[in-house]
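Student: This is what each chain is made of:
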Amino acid sequence: MPVVDEKKTTEEEWEPRILAFACNWCTYAGADLAGLNRMKYPANIRLLRVPCSGRVNPQYVLEALQKGCDGVLVCGCHPGDCHYSTGNYYAKRRLMIFKRFLEYVGLEPERFNVKWISASEAGRFRDTVKEFTEGVRKVGPLKESFTLAPSAGDKLFGAHNESEAPASEEGGAA
Amino acid sequence: MSRIGVFVCHCGSNIGGVVDCPAVRDYAATLPNVVHAEDNKYTCSDPGQAKIRQAIEDYDLDRIVVAACSPRMHEPTWRALLSHTKVNPYMLEVANLREHDSWVHADNKEAATEKAKDLVKMAVAKVDHAIPLYTQQIPVNKKALIIGGGIAGMQAALDIADAGYKVTIVERKATLGGKMPMLDKTFPTMDCSACICTPKMSEVGNHPNITVKTLSEVTKVEGYVGNFEITIKEHAKYVDYDKCTGCGLCTTKCPSKKIPNEWNQGLDNRTAIHKVFEQAVPSKPVIDADHCLKLTRDKCGVCAKVCPTGAINYEDVDRETTETFGAVVLATGYELIKWEDLYPEYGGGAYPDVIDGLHFERIINASGPSEGRIVRPSDGKEPKSVVIVKCVGSRDPNKGKAYCSRACCMYGAKHAHQIIEHIPDCKVYVFYMDVRTPGKNYDEFYMQAKNDGACYLRGRVSKIYKEGDHYVVWGADTISGAKVEVNADMVILETAMVAAPGATETAMLFGVQTDKDDWIIEAHPKLRPVETASRGVYLAGVAQGPKDIPDTVAQAGAAASKVIGMFSHDSLESNPQISNVDIAKCSGCGTCVHICPYGAISLVEKHLRENSVKVTRDVAQVNPALCQGCGACTVACKPGALDLLGYSDKSIMEEVDALCQW
Amino acid sequence: MILKDEMLDSLLTELSKEQIVYVPKQVNGTTRFAPYVSSDKMKLDQVNTVMPPKDLLFPQTQNMYHYGVEKNSGNMFIDPVIESADQILFGVRSCDMRSFDCLDAAFLTKGYIDEFYQAKRDRLTTIAIGCTEVSETCFCESMGQDPNHAPQADIQLRHGEGGYNVTAQTEKGEALLEKFKPFCEEGEVEVADVHCTLNVDASNIKDNLDILHESHELWDSMSYKCLNCGTCTFVCPTCYCFDIDQENRCKEGVRFRCWDSCMFSEYTAMAGGHNPRPEKRDRVRNRFMHKLNYFEDRYGKMLCVGCGRCIEKCPVSLDITVLIDRANELAQAEETEAAHA
Amino acid sequence: MSDITTTLRERARALMEDGTIAAFIGWEAGRFERQTTPLICLDAADTDRLIFDEYCVNTTAKYVRDLKQRGRIGVAVRGCDSRAINRMIEDNQFKREDVYLLGIPCPQMNDRKTGTVLNKCQDCAHRNPVTYDELLGEAMEETAPQDRYARAHLVSGLDRIARQNIFNMAFERCIRCYACRDVCPCCTCRTCFVDQRNVGWLGKQDNLSENRFYGMIRAFHISDRCIECGECERACPMDLPLMAINKKLVEDMNTLFGEYESGMTTDNEDALRSFSKTDLEEFE
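Protein chains in written order, with the working numbering: chain G, 1 to 174; chain L, 175 to 836; chain Y, 837 to 1177; chain B, 1178 to 1461.
Don't take every hint at face value.
[Unchecked claim] Okay, derived cross-link-like pairs now, DMTMM-like style, lysine to aspartate or glutamate, Cα gap no bigger than 20 Å in a straight line:
hint: 1; chain 1: B; residue 1: Lys1272; chain 2: L; residue 2: Glu779
hint: 2; chain 1: Y; residue 1: Lys1116; chain 2: B; residue 2: Asp1243
hint: 3; chain 1: B; residue 1: Lys1245; chain 2: Y; residue 2: Glu1115
hint: 4; chain 1: G; residue 1: Lys155; chain 2: Y; residue 2: Glu906
hint: 5; chain 1: L; residue 1: Lys788; chain 2: B; residue 2: Asp1243
hint: 6; chain 1: L; residue 1: Lys788; chain 2: Y; residue 2: Asp891
hint: 7; chain 1: Y; residue 1: Lys907; chain 2: L; residue 2: Asp200
hint: 8; chain 1: Y; residue 1: Lys907; chain 2: G; residue 2: Asp154
hint: 9; chain 1: L; residue 1: Lys690; chain 2: B; residue 2: Asp1456
hint: 10; chain 1: B; residue 1: Lys1290; chain 2: Y; residue 2: Glu1148
hint: 11; chain 1: L; residue 1: Lys690; chain 2: B; residue 2: Asp1243
hint: 12; chain 1: L; residue 1: Lys317; chain 2: L; residue 2: Glu396
Simulated from the structure, these hints should not be mistaken for lab results. Bear in mind the structure is a predicted one, so any value in this text is a computation, not a measurement.
Model the full assembly from the supplied sequences, consistent with the hints where possible.
Tutor: If you want it as structure tokens, here you go:
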């Protein structure tokens, strides 16, 4: 089972891994509409559904970046249109500060962004994903540029299955 | 250990034609705690649902992942299914393989399949940390409060009251009616406004299910849907309505007679003790404390002497009462924009014959000071040339409001029509930007006004000034490109509607937001136009944005039907995906209280035992009926004492970790 | 035997060909023991490194097991992760040398052998340098260690004019000394002894602490200013408390241990929320009792070597020597009172 | 003995003796020359140990939380201490009437080793206490720092790689002792997020990623409340440039959401718990 990107180790095979937090009421629905309209956009993005951009804790963003996402996008309703009336205003302030903070400690600006995309803006969703993916592709794998320190266990994960030594039998019995 | 079942849906060929569903199924089977994985043609269909039900039995599943279309589509379907099984309906996660995958990545099947696997593993990781959630029942107090006694409020009140529920109307002014009874005729049918409005007023006033509180306002709101504890302040009227018969003797004897009459836009005067207008409801007078000699200087007291029933009470004070209501309709209405401050080029209010539309309504109204004769306020002469200027304050982001006030095109046409009807030799010029007449029989009405002889000129008016006893209006005709100069005896400005003062404050009491122009924001502009973001709070009429009488009445009816619909249940089901406090972690800082847009969080003092020591400290408490589950508080809560059920920190972090590291 | 100053680099370069040589140096803006690289500027004049050398044997984070479910067979596996290498610790001070006595006692005696520690310990050779100056917070002499000479070291160096006197003290040291010889010359330089300026009487501290009851006012007055941060425990060369945790990914995981601090309230927090040491007073008392009483009870030595790091680094200047003085004083008072009664 | 020390002892003793306060928080001399350490007087006799000089480096306000159940607490406050008190009142940790504040205008504190002005005091804008019950000594004229965000500007002027190097190096050497958190008057959580491993915020491993998570998120948590006292940086045993981080966040908040200084009052509208519809829109 997967070592991180077993088969995508060489530079040219590298594909950016992008996580997007999407507000259930606007952007998630906008992405649904993009699907309904059979729009095409890069397959690198994975949406994580949250009730509101106000639910997106900057801690999730940092976690995703440090654990191996090459870029993180947060999407919500346009200010003023929040389903919960104010959630995105708080999100905006938090993420404005957090984006500057990330860049201050050395992250490329291309790797983290926030976009307001309504349920009707399927085209805008597609364009945002395209642009963002291209931006991340341009700056390359995050592992190198943001210096992800290997966790002490990193070299162990996946190692067992690769060597597939009979030692595992012992381990199993022990 | 949880037991997860994964169901991969082909959706015919919608998903299966792009994504390798069997591969996704096999992959899912290798994920932690997945004890069963299968793929189906249509998971939402009856046979598909039956297979889920069967698998729950066969494999003793306690959590379900369905990899299919958007959860916005069928999550409710599978939740409903699970509610009949032993699996809690909230232990379900839907991976969106259709809208977010097969439909958008049809050109790259391999990538689409990889993405499908990722989406499934994220869903598995999340559902693994799901906890069962249960809805609660909130009792409904079947009494409605309507804020605003205009046509919107009255219509909503009548509809709800006729359905058999108790209604209270709170009106800031001394009479019901709002703006409508001030008008003369209503477009496009030209029926008498008062004739159709005042019967409604008296119907409301006499309805056994309706309580009317005039000169009143809401000062405090506590509680939540079904159980709002609302404090209403009734200002002193100085007249005991239980005793007053409305005979009117007092008003004839009052010596303070020189007070400008607001009802008639200051065109005539009224007394200190006065009834707002003849058909006012309640049909009883109030004392204007600012002008009454007794109340200001402790002299006079004539009204008390003449009152045959002893209803006058100079000692009267403001009274606050608190009542419980189940639902609220906000119908706070509008005012006309204060054009005098914004448009000095129109004289800024210095010219008596440059008036606004409502002013003109009082002039032309048979019950107005000139008894329906069109005369100039300055000298009482009949005008022979009238200029009507539309969009004063509307569609003018620089000086007034950016929006269109919707009704002015029609009442501009109405005024033109009325003037020509009353004074056939009067010239009428209408300056307009566009003419917007969407409505039944509206355009016909406008055409008729033009046929009557009204001269429509497309352009804004740049200046109005006085020359002798007439006014010179400078404008542009953008169609001919010519500069236009018109001599007018009277100018009518069709001014913009703006939200009633205090509307925002009132809305805020209920946790309802207003937009930049103070109009109340509806829950959804298309699909939930009469609901607000606060459950149990509805809106009607111009409070939501400019509209004409038919739209207002229709919306009031819609709001009433929402209230009636809610009242048809004895209790409501609460949303279980709400914020939850772990008081062990809560330090009582109160940040969440500031953040919550619904006022759902409060700090309460708790007596606890911690490490065998009794302690008393403040902790946050979430009202499950008020919380809507947005989660804004959970992020503001630094120690994570607040967490959102259904979207917990743990489950989201697991999803992130799964995507990155599995 | 003399090792001339100018030969030091050549010696270390030679030594690091076969094993990792840890020397005190500036790393990432702090001083600690780190692998020698020939261009390195060592911090041999430094009285003490900010971080103690304990992480050579007991890293702040150390993997213990790798476990999981095999992809093909579905069988479970548990692989112990034992890391070990030939290491030389060069330039260690006398106080830190004594800290290895403490760690050895905790990890290798009383019938329990910690294999992760032992694997590293067995292959460690220590080269101590006698102190040539002391800082104001040094009090190793009060704790029974001579700043000039560490008997625990495999090789002892002492610096004098122009070079070091080299003495092997163990078999391991003798063996390593062979490697020294090409860089050394016969003779001896003159060295001067140094002594701590901070001195406390710790001779009876264990007994004195026994006299003072748990509820004694001493613990209130000593603890009220403590912030409950872990600074003292993390810079301490002898604090060996650890926590065990795991990092899981899908169907495999790594179990590791990492330094923990008894000053954290979370350290003793139990499932269910109860905490047997809920107040910082309890935690402060526990730390000092462990250092000066419990450890001596069990292992016959104090768990404080007098390096002074905690005094130096404590944000609120909580000082173990002040505690010792106060405890002596109060115990005496109690005894006098008891005698009168 | 300085006048302030004498007055401080007299007033603290008088307040304890007349029962106004149950404890008094100040400073006493340490074992070493020019060293001071926080002193908590639980007994009137303890007040004789109080001192005040230019080496009282500790910000002591946080002890009020530990002591508040004893009754009203007296605290000697300078500018930073008084702002810490305000901050904790705003965060509902205690009430203003729970403390009795003896204000002392601050001469600026010195580093005991070098004798020069402490880093944390160099860009201080409020040396006079901003709230107190009694002021000991004369209020001094405040001098606004030349650049409130000087610490951040030193770094923000560098290029990305250089900034990354600085912070990677810093987080690399962090030992996660949490002294910065424990000394911070804004860190008043009962259970810090780092102590909640079951939620999965961060692991206990000591490595750059986890340390950076801790460092960045703690800074972010206090970002709109930081009173800029610099205690975290002074307390840090590994000399992490923590104020370069905090000042950056404070600067951004001030620039983007309007000028404020935390802890000047007890009813500040913290930037991240409020919003304005007219906030800059950069995510369009």
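Student: Would you mind marking each hint as holding or not holding in the structure?
Tutor: Hint-by-hint comparison with the structure:
1. Lys1272/B <-> Glu779/L: holds, 14 Å
2. Lys1116/Y <-> Asp1243/B: holds, 10 Å
3. Lys1245/B <-> Glu1115/Y: holds, 14 Å
4. Lys155/G <-> Glu906/Y: holds, 17 Å
5. Lys788/L <-> Asp1243/B: holds, 15 Å
6. Lys788/L <-> Asp891/Y: This hinted pair is violated, its Cα atoms lying about 42 Å apart.
7. Lys907/Y <-> Asp200/L: The hint holds at about 13 Å.
8. Lys907/Y <-> Asp154/G: The given pair, whose Cα atoms are some 18 Å apart, holds under the 20 Å limit.
9. Lys690/L <-> Asp1456/B: holds, 13 Å
10. Lys1290/B <-> Glu1148/Y: Answer holds: Lys1290/B to Glu1148/Y is near 11 Å, not above 20 Å.
11. Lys690/L <-> Asp1243/B: violated, 46 Å
12. Lys317/L <-> Glu396/L: Judged against 20 Å, a Cα distance of about 15 Å means the pair holds.
Hint compliance for this structure: hints 6 and 11 are broken, all remaining hints hold.
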